[in-house]
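Chemist: Given next are the chains, with one letter for each unit.
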Amino acid sequence: MTRKAIPMSSLTMTYTRRNLTENIRTPTMFLTVALVPVGVMVFFVVPFIGQDTAAITSATATLVVFGVLMACVGHFSIVIAAGRESVWGNYLRTLPGGIMPQMLSHILVGLVVVAAAIIPILLVAGLFTAAAAPVPRVLLAAGALLVAVVTFTLLGLAMGYLMSMRVAIIANSIGFLPLAVAGGMFFDRADTPAIIEHIAPFVPTRGTTDLVLLALTGEPVGPLSLVMLAVWIVILVGLTVWGYRRDQVRRFD
Amino acid sequence: MTVLARTRSLTRRYNGITALDKISLDIPAGQVLGLLGPNGAGKSTLINVMTGLLKPTSGSVELCGTDPRSDETRRAIGVTPQETGLPESWRVSELVDFVSAHFPDPVDRAELLERFDLTALANRQAGGLSGGQQRRVAVALAFAGRPKLVFLDEPSTGLDVDARRALWDGIRSFHAEGGAVLLTSHYIDEVEELADRVVVMDRGGIIAEGSVSEIRGRVRLKRVTLTDPVLPELSGATSIEREANRAHLLTNDATALVRELVTAGASFTDIEIESASLEDAFLALTGDERAV
Numbered sequence: 000m001t002r003k004a005i006p007m008s009s010l011t012m013t014y015t016r017r018n019l020t021e022n023i024r025t026p027t028m029f030l031t032v033a034l035v036p037v038g039v040m041v042f043f044v045v046p047f048i049g050q051d052t053a054a055i056t057s058a059t060a061t062l063v064v065f066g067v068l069m070a071c072v073g074h075f076s077i078v079i080a081a082g083r084e085s086v087w088g089n090y091l092r093t094l095p096g097g098i099m100p101q102m103l104s105h106i107l108v109g110l111v112v113v114a115a116a117i118i119p120i121l122l123v124a125g126l127f128t129a130a131a132a133p134v135p136r137v138l139l140a141a142g143a144l145l146v147a148v149v150t151f152t153l154l155g156l157a158m159g160y161l162m163s164m165r166v167a168i169i170a171n172s173i174g175f176l177p178l179a180v181a182g183g184m185f186f187d188r189a190d191t192p193a194i195i196e197h198i199a200p201f202v203p204t205r206g207t208t209d210l211v212l213l214a215l216t217g218e219p220v221g222p223l224s225l226v227m228l229a230v231w232i233v234i235l236v237g238l239t240v241w242g243y244r245r246d247q248v249r250r251f252d
Numbered sequence: 000m001t002v003l004a005r006t007r008s009l010t011r012r013y014n015g016i017t018a019l020d021k022i023s024l025d026i027p028a029g030q031v032l033g034l035l036g037p038n039g040a041g042k043s044t045l046i047n048v049m050t051g052l053l054k055p056t057s058g059s060v061e062l063c064g065t066d067p068r069s070d071e072t073r074r075a076i077g078v079t080p081q082e083t084g085l086p087e088s089w090r091v092s093e094l095v096d097f098v099s100a101h102f103p104d105p106v107d108r109a110e111l112l113e114r115f116d117l118t119a120l121a122n123r124q125a126g127g128l129s130g131g132q133q134r135r136v137a138v139a140l141a142f143a144g145r146p147k148l149v150f151l152d153e154p155s156t157g158l159d160v161d162a163r164r165a166l167w168d169g170i171r172s173f174h175a176e177g178g179a180v181l182l183t184s185h186y187i188d189e190v191e192e193l194a195d196r197v198v199v200m201d202r203g204g205i206i207a208e209g210s211v212s213e214i215r216g217r218v219r220l221k222r223v224t225l226t227d228p229v230l231p232e233l234s235g236a237t238s239i240e241r242e243a244n245r246a247h248l249l250t251n252d253a254t255a256l257v258r259e260l261v262t263a264g265a266s267f268t269d270i271e272i273e274s275a276s277l278e279d280a281f282l283a284l285t286g287d288e289r290a291v
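Read top to bottom, the protein sequences are chains A and B.
Here the first sequence is numbered in numbering that gives the first Met the number 0, starting from 0 and rising by one per residue.
Here the second sequence is numbered in numbering that gives the first Met the number 0, starting from 0 and rising by one per residue.
I should point out that these hints are in silico values taken from the structure, not numbers from a laboratory.
For every residue, glycine included, the Cβ atom is placed at its ideal position computed from N, Cα and C.
Do not rely on the hints blindly, as some may be mistaken.
What the hints assert, rightly or not - DEER-style ranges, computed between Cβ atoms:
1) S172/B with T20/A: 29 to 35 Å
2) A141/A with D104/B: 43 to 49 Å
3) T20/A with T83/B: 17 to 23 Å
Extracted from the complex, chain B is given alone in its bound form (with noise of 0.2 Å):
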């Protein structure tokens, strides 16, 4: 199977701190990798080196098996600017043309943006556009030339739940056709649907790689919170954070903590439970992997 990006050992540390540490990734021809982390873990100081538009302090970085700073290279590959960075005075259907006069096969502009949904806004001025709308728009010219390998740094942040939909059916329709996507998100329901690979990062590293049921297998987390004063050792608990008098835990099986805090003859009141957010998910596989 072709490689089409490749990072080795990749680090990269600015003033004094480890944005990356020593990534080993590969995406495949055609395949649709979900990058989940935390802000700050260092997705989007790896998609700015892995598109060259930074420089790995150590390790290397090869897309299509060349410099990422290639022309070659960039012909092959689609980024994303951000959606407030669209000049404002350019019309829709004119940011289409211009990404697409760089590349010797562009996408027909019109089919383009049908697929994202833009056909309406095509005379728009892109300052007049909601920041959903400029955010597709802005999604969409990474398509335009006809990418093998496309870069999309959290696509869908302050979508509206249509406009996420029709992000996703443009997202499918290039993967159907066998396009290879490195996609950021903050949520693991868009990386679920799209993605077949997921890679979790914190805090510079790759803390946890697999399909994408391997990966919520791994994150099925619960919170419990409660009131009480003193808590007893528990077993089933993966971390325990407090705040004032309340007591939030986490765990991969509420039914056992609550079982385990009944035994113990906690004083507990108040308790609640609810699906940990992906956050407590990432905080808890950090904690797992720090204590191994």
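Excised from the complex, chain A in its bound form (with noise of 0.2 Å):
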């Protein structure tokens, strides 16, 4: 009797349609990124520039980066402590089929808690606000969008192997607005703290920030930031890279 292995593509769908469930049975993660950019925007933003075109366009673009942060960062860092270490995320381990399907689903249903994010926050915009963007503009935006993804799923990902569970979870609760502040999410470029401007383009909130925002608008941001961006994501890959070598080491010894 020939024993044939499960083919990758249907234990990825097995592992995705189980986390979303999961997901949705208990919908922690999806209520809070799906809530509390979009309620952000809606009590602090919209009555004060939702009429003006070009502010509520930007701070559009700002809102939906932060939704990302924290879909991303959210999402990826408790389902890499969680499977770290329960007895469950053990146990998987010695089921066939390896860990890519594991990692694949994860993926994908990190897609849909960003999915969840961005959403409401585009739906307030295009039907309550003045914001408007030309179409090949929003489409280049969305591509900007998509280094934001990677960089603070690397991030989480990071968190997620160097961090215990209880710590990412503290991590997630408080850490989102420092981070959001420190890159200068929350200001008006005209007024920001002048410790906000200094500090702001170290941070990568603020390079992912402005990359949407470059391919969203059109108009010149400093270099340094994005600069700064590439450095970040090049610190967090060799991070994510490190932290799973150093899980698989001590896992296995």
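Hints in hand, dock the two standalone chains.
Modeler: Rendered as structure tokens:
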């Protein structure tokens, strides 16, 4: 009797279906990313600059980047830390099929979480504000947003491999606001405090926001934040790979 | 006969402790091997090394003739998750379907649930089950992929009598179909019920190996407890332990020991004789081994 392997695509779908179902039954993650950024938008942005096309367009893009930050870091840091620590995660390693279907399903579910974060913001912007941009610019911005997705996914992965589940949860509940503020996300470009103006280019939230704004509006941004973004991506890839290897060795020791 | 699992001089050290010390073991196809030993004997470490979750420090381990971590091997073995680790929001049927999806020729879900008396729980979420029910679900999952060899680490700890019977029936029917099992247990009656062969481990090493009746013969001990400030030299006691003014003697022949006490004119009072616990038996066995 030959025992053929289950195809990876089929196992990936099995994992994705299970992980999505679990997320829907315990929708903490979905609700948080779907409500927090759009809540900030509805209460603190739209009433003030909702009818100023240039301002609300930039603010919408910034909030979308913030939503992507919450979605990617929240999703990946928790699933990776949980998988490493939990008894169930350990058990999954004894099943045939390897780690790839699990990782692919984390990415697919991550994209759904990202969509849950972005879509409400775009709906509010499109339906209730004067935000507007030409279609080619929007497509370009979507491409730039992909860079943000990759950056924050790497940040989440690095956190998941380097932090315990407990620390990852704490980092998730207190980390987003400082990252956003330090990156100057919640300030009007014209009157950002001097100290933020100095540190912002070195924070990855600024680089990703600048890249998306550059694509969307074509207005020039300081090159420093974009250079730093590239540096951050290299650092985060390094941390993720190092964390992953360290985890493999530890688990197997 | 096909050997499904083979270890040779398998040694595993961590933090300066030798958890496994030169274990050489074969599990042939179709055999239920009972692994007995006190806590900390190295049973769980042995299972973790054999299932590829831990790397041996030295020595070798082969499952189905290859690396325990190969995908081919994983399709031929069944492992039990610790019951506390089942994802809480998953229904029992979903857990079974999920694990089955990893295997090319899984057991039919209804059949598997029936075999472990879980049919009535199929739609319940794992988090809402009692500890014993979760344990049975966890054990059932090890059989989902029609493995040739199943590793069961303390499968019946915390189960009530009925649940344990249901579990034993499940293991027996797997065995009857030609499946092999490595079973660890604290309960000698469980091993006696199920195992073809028994290996006794202590402090990382194998101290006894044989058929169930051979091992039972070696551990059929009595514990004699008495009050006596000064005990005479006793040849019939395999071990003597003192606790306040009480002395606990382990012996293979209680009648002879009492006769020896009386002959020696010992001034004992409050004598009690009871069956030794398995723990006592292991202590006696290890004592025997070290004396040799």
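Chemist: Using the beta carbons of S172/B and T20/A, state whether their distance is inside 29 to 35 Å or not.
Modeler: Taking Cβ atoms as reference, S172/B and T20/A lie about 31 Å apart, which means the hint holds.
Chemist: Take the C-beta atom of T20/A and the C-beta atom of T83/B, compute their distance, and say whether it sits inside 17 to 23 Å.
Modeler: holds, 21 Å
Chemist: Regarding A141/A and D104/B, is the given constraint of 43 to 49 Å on their beta-carbon distance met?
Modeler: holds, 44 Å
Violated hints are absent here; each numbered hint is respected by the structure.
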